Amino acid sequence: MRRFLGFVKKEFLHIFRDYRTLIILFGIPAAQILIFGYAVSTDIKNAGVAFLDLSKDETTQKITDKICSSGFFKRTENLLSYNDIDRILKKGKTKAVVVFEENFGNKLISEGKSSISIIADGSEPNTATLVTNYLTAIITDFNSQLAGPATSTSPLIQSEVTMFYNPGLKGHFMFVPGIITLILILICALMTSVTITREKEFGTIEVLLVSPLKPAQIILGKVTPYFILSFINVILILLLSWLVFKLPVKGSIMLLLAESMLYILMSLSLGILISTVSSTMQQAIFISLVGMMLPTVLLSGFIFPIRNMPEVYNWLSAIFPPRYFIIIIKNIMIKGTGFLYVWKETLVLAVMTLIFIGLSVRNFKIRL
Amino acid sequence: MRTILYLIRKEFIQIFRNKFIGRAIFAVPIVQLLILVPAVTFEIKSVRLAIIDRDMTSESRGLINKLEGSGFFEVKYSPFSDGEANNLIAGDKCDVTLQIPSGFGKNIGTGTAARIMVSANAVNASTAMLSWAYLNGVIRDYNSVVMEENINTNPVTPAPRIMIENRYWYNEMLNYKHYMLPGILGILVTAIGFLLAGLNLVREKEVGTIEQINVTPVRKYQFIIAKMVPFIIIGIIDLAVGMVLGKILFDVPFEGSIALLFLGATIFLIAILGLALFISTLSGTQQQFMFIAFFFMIIFILMSGIFTPYESMPGWAQAFNKVNPVAYLMRINRMVMLKGSTIQDISTELWSLLIIAVTFTFFAVRRYRKTA
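Chains as they are written, first to last, in our numbering: chain A, 32 to 399; chain B, 778 to 1149.
Just chain A, with the same shape it has in the complex (with noise of 0.2 Å):
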């Protein structure tokens, strides 16, 4: 045991000496904490607009003003004819434009209808959908001031709505434990697996096999200091989103702490694995960074939701383990049930972590 402690010794030494690292150990979940709080949003503010109007009466100058004034338009040009759509949508700036028919106002009063349209940019999906929805919602309110209070009548139907959990509909809900899940998984496996193959690459583990440490507690110790400063890191998070989101933990922070623990193991292990396969670190560090991170972000349910993806992924992503720990992270962060509403996921956790560790034992090479 006083063997193994030392042995854990040095390696805090060499994690510590590196100053620069574990800045960045720390520094990561941090920055991107605050960037996506604060930069990454889907909503629209300041959107290009561009007009063709045909009719320039009052009625469309109304319109466009109104457009301007609401805070998510800003007018880029005033086009003159319809070939000029294609050449202003090709330079990016402007997302819409739309266009009012000849004769628009007088058409409005004396045939009751005339129309608008909206070119949206198809080439960003989602930028065009809500652009499009925006300006529709702003026309539409036109009209119904339009038509005065003496023709509108009150739908029948009104319905009330009730966001669960998230009433304000903020981002942070969805990217904190998205952060959590894929710095974890991603710093964890990175770092364990490159320290065990850069004793690997220069030999040194040769020095560490000779000695009268077992392999179980050479990995072990490689293993306990990464698994405290993930630890650190998951609170700090945690730390973070309260103090600057004003995202508290909703269910028992025990049990969070627990899983995430057992979420680190999983990830300690998946490097361990990954070092016994590679042989030099640029190898392990392409592996667990390469061809984890995209995965991982993209697989898990982060930003994107599983279910909307075609059935295969369903059975794709479930090899993934980060999907079954933003599920537990959401459901005891946010929604705040308890153990009863996770043990599944808990589960596939473990028995992974076991895989993961039988299969790297298989694997390591007490020779070189």
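Rather than coming from a laboratory, the hints here were simulated on the basis of the structure. Note that the structure is predicted; figures quoted are calculated from it, not measured. Relax, there's no trap hidden among the hints.
Restraint ranges, calculated between C-beta atoms of paired labels, are given here:
#1 A/Phe47 <-> B/Asp1028: 45 to 55 Å
#2 A/Ser101 <-> B/Gln1121: 26 to 36 Å
#3 A/Gly234 <-> B/Arg800: 20 to 30 Å
#4 A/Val382 <-> B/Met778: 51 to 61 Å
#5 B/Glu845 <-> A/Pro279: 36 to 46 Å
#6 B/Arg800 <-> A/Ile54: 32 to 42 Å
#7 B/Thr889 <-> A/Thr171: 21 to 31 Å
#8 B/Met894 <-> A/Phe47: 53 to 63 Å
#9 A/Leu239 <-> B/Phe1039: 46 to 56 Å
#10 B/Ile807 <-> A/Thr171: 38 to 48 Å
Every residue, glycine too, gets a C-beta built ideally from N, C-alpha and C.
Chain B: place on chain A using the hints.
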């Protein structure tokens, strides 16, 4: 010039000597592209609905039928109490619950307003908003049907109407695959070039082989160029293969000039590799480099506008994106591939990227010390 060619050859041998890396450079992006592109979508396939119908009249059933008929909603459960409905949301068995109070049908019949209560699981705010918008649309439709039925008892004069029609250019069906392919491809190319080029240089430092170069008359710029060129070539090949696959499998259109796209990609690669080499001249170990690279990559990618619109970012984020090469690549890729933008349309992006590329490369050459 001959020196550079020899050095480049050496780099290629070094890269491909590691069998795993040699294969992974091409296999990983292709496999990820094939798997990830179809997965990424904001579209909602179906919303799972639980309905508490306390009314049980033909009107309430009419509304439920309308919801089921819309194609968006699947009525999964019909719980009897609020508690039961809340449990369904907590257990993630349904997304939205709808409560129709008793008296709903009667109120509609007499022309007084009837209330219904909707609760949505809003952990994912954007999905919740979309589901709510769909639901509202169906309710509005149902409303107008009911009003038309009532029209005899309660006549309304038609108001002037503005008809709105909308069209999406360049991607009429709003196919997400067309949007995501250029983006994901860009990220993969970035990740590979950035990591491997940087690691390559630091590794030589860490293992000590850089000494052997340092004692030769190879100039500093020659060394940096030789470290860069192989990864530019690899990046371009990855890009080309990815695009061909996109065209064949996902039918992603290619409207613009291929040469223009590759020009943009080459300048981008120089910029990103310049930065990678600059960082690696500053770091002593591969581990250090990796963390700094990881930090930059995550920030570059998340802020680049790959998932969220660039315009909705606050001012400081847009200012940061002026030096973010990935943000330029995203725009160039998408504009040229999907819209057929020409060199005039993207000249600002190209020039900015070029300035970034020259600056980073200059720093890398400056910082690289031949003396240990």
